[in-house]
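First to last, the protein sequences are chains A and B. Sequence positions in the first sequence follow my numbering and run 3 to 260. Sequence positions in the second sequence follow my numbering and run 3 to 260.
Bear in mind the hints are in silico, worked out from the structure with no lab data behind them. Some hints here could point you the wrong way.
The list treats identical chains as one, so a pair stands whether inside a single copy or across any two.
[Said to hold, decoys possible] Here are the simulated EDC-like cross-link-like pairs (lysine to aspartate or glutamate), alpha carbons at most 16 Å apart as the crow flies:
| # | residue 1 | residue 2 |
| --- | --- | --- |
| 1 | K47 | D167 |
| 2 | K128 | E187 |
| 3 | K246 | D38 |
There are 2 protein chains.
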Amino acid sequence: MKLTMLVLTGLVFASGPPVAQLEKQKLVDLTYPFDDRTIAWPTNKPFQWRKTDWGMTAGGYWYASGDFAMSEHGGTHMDAPLHFGKDRSAVDEIGINRLIGPAVVVDVTTAASENRDYRLSVGDLKGWEAAYGRIPDGAIVLMRSGWGRHWPDKKRYLGTDAPGDTKNLHFPGFSKAAAEFLSKERLIRGIGIDTPSIDYGPSGDFIVHQIINGADLYGLENVANLETLPLHGATIIALPMKIKGGTGGPVRIIAILP
Amino acid sequence: MKLTMLVLTGLVFASGPPVAQLEKQKLVDLTYPFDDRTIAWPTNKPFQWRKTDWGMTAGGYWYASGDFAMSEHGGTHMDAPLHFGKDRSAVDEIGINRLIGPAVVVDVTTAASENRDYRLSVGDLKGWEAAYGRIPDGAIVLMRSGWGRHWPDKKRYLGTDAPGDTKNLHFPGFSKAAAEFLSKERLIRGIGIDTPSIDYGPSGDFIVHQIINGADLYGLENVANLETLPLHGATIIALPMKIKGGTGGPVRIIAILP
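Use the sequences and the hints to build the structure in full.
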């Protein structure tokens with residue numbers, strides 16, 4: 003009886019060994035590696051890495067080290083609420099319980115294949131709910147556009163590979179109405195997408211960022227491997243680098259499959 | 003019957019709502035924020051951050067962004083096996099299942115208070131096992147020295163606050179014998195510590211790094227808030243930034259309390 007109650011409340015830990023065997027669950031990595039092909043916003047500092055030491059030392063042992071420099075907003079990263087929300091949470095101020103939640107994966111691959119500027123609609127969200135039930139409280143809502151197939155080809159992924167060019171960006175994003183619905187009508191933790199921005203490429207006002215960050219919610223951008231997730235039932239763990247006062251930063255995102 | 007089997011194998015997900023309620027478990031953050039007080043190794047590049055945009059735009063909305071530069075080995079970070087292990091795993095090559103595991107917390111606070119160069123012994127590990135049983139397979143073994151009380155005071159934490167000074171480092175670490183025991187006699191995933199290095203301050207040969215990284219195991223350094231963990235029963239999730247070919251990098255570490 004006690005067992006049944008535990009099961010109904012969610013995760014149950016083995017009562018024998020004092021170990022939660024989370025590491026034996028099926029996990030997937032939703033993160034691109036950072037290297038010299040990592041895509042950053044055209045006006046942002048690209049990821050730069052260099053070796054500082056690399057080889058055998060006089061002491062006869064191997065020693066290798068490096069350092070790096072980058073924008074808070076390149077590669078697979080988190081937009082903290084502070085990015086577009088004045089006085090909202092910096093990346094280090096987001097409570098860790100907000101970094102874990104059920105994955106709601108909304109697939110718009112077909113629509114995005116036909117229109118590279120496609121914006122996810124409230125209808126797309128309602129379609130997900132018709133199939134799987136109301137978006138659960140605490141959800142992380144992931145838009146799957148199929149854009150991962152273009153990474154790391156800048157021309158295809160961004161719509162332009164000209165340095166500094168923000169006039170010819172083309173890729174799918176969320177619509178303003180979807181952002182309002184998610185931030186006002188549902189109790190989500192954040193949203194994510196497999197493109198460079200939660201706003202679609204041609205956006206001039208970044209209205210989705212304004213709405214989501216303004217509601218103290220975060221965005222996950224350049225999320226990798228979304229095609230490996232089921233549309234419902236996975237759990238996301240998205241742990242960003244803890245930059246004090248940062249507007250975002252590199253994030254390692256994993257999913258626990260159901 | 004099926005239920006019982008599931009429980010015995012570890013985590014069980016609710017079969018009703020398609021949601022693993024991991025975010026409702028009690029979680030603690032074992033990560034220091036990165037800022038201008040973040041402690042790096044005396045010879046490494048310190049964490050540097052700057053605002054690139056910060057304020058209201060001509061479009062009438064808030065926009066803030068920043069960029070940063072740092073060593074792979076400052077603040078709360080992971081030493082990938084490649085750091086001291088030739089041809090061993092780079093930080094992006096560590097499978098994500100290896101980043102999650104049961105926490106074995108070995109407390110040596112009293113000994114370290116009496117001797118700032120204390121090295122954790124095989125006897126300390128055997129003492130833990132006498133109390134809680136054999137170190138479980140897949141464990142992440144955390145040495146708790148109490149050094150977190152010195153952060154971010156460099157003089158107390160490192161033993162010296164002189165830039166570039168590696169001759170006067172004093173803080174506790176693992177012993178060579180403990181590193182050999184853990185890497186050869188037990189099946190662990192990695193080790194961690196609440197000091198700047200898994201080797202003690204005066205080390206000249208970094209023998210613990212050589213042994214641990216040489217065995218393709220990782221180290222977690224400058225781990226925060228270890229005093230909040232029970233000595234057994236917690237689960238660690240340590241997700242490093244995914245630097246391609248990196249010898250380590252900033253890591254966000256959380257623990258799920260039992």
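Tested hints:
When the C-alpha separation of K47 and D167 is checked against a cutoff of 16 Å, the pair qualifies only within one copy, where the shortest distance is 13 Å, while the shortest distance between copies is 32 Å. In this assembly of identical chains, K128 and E187 lie within 16 Å of each other by CA distance solely inside one copy; the values are 12 Å within and 55 Å between copies. For a Cα distance limit of 16 Å, the shortest separation of K246 from D38 across copies, 9 Å, qualifies, whereas the shortest one inside one copy, 26 Å, does not.
Checked against the numbered hints listed earlier, the structure breaks none of them; every hint is satisfied.
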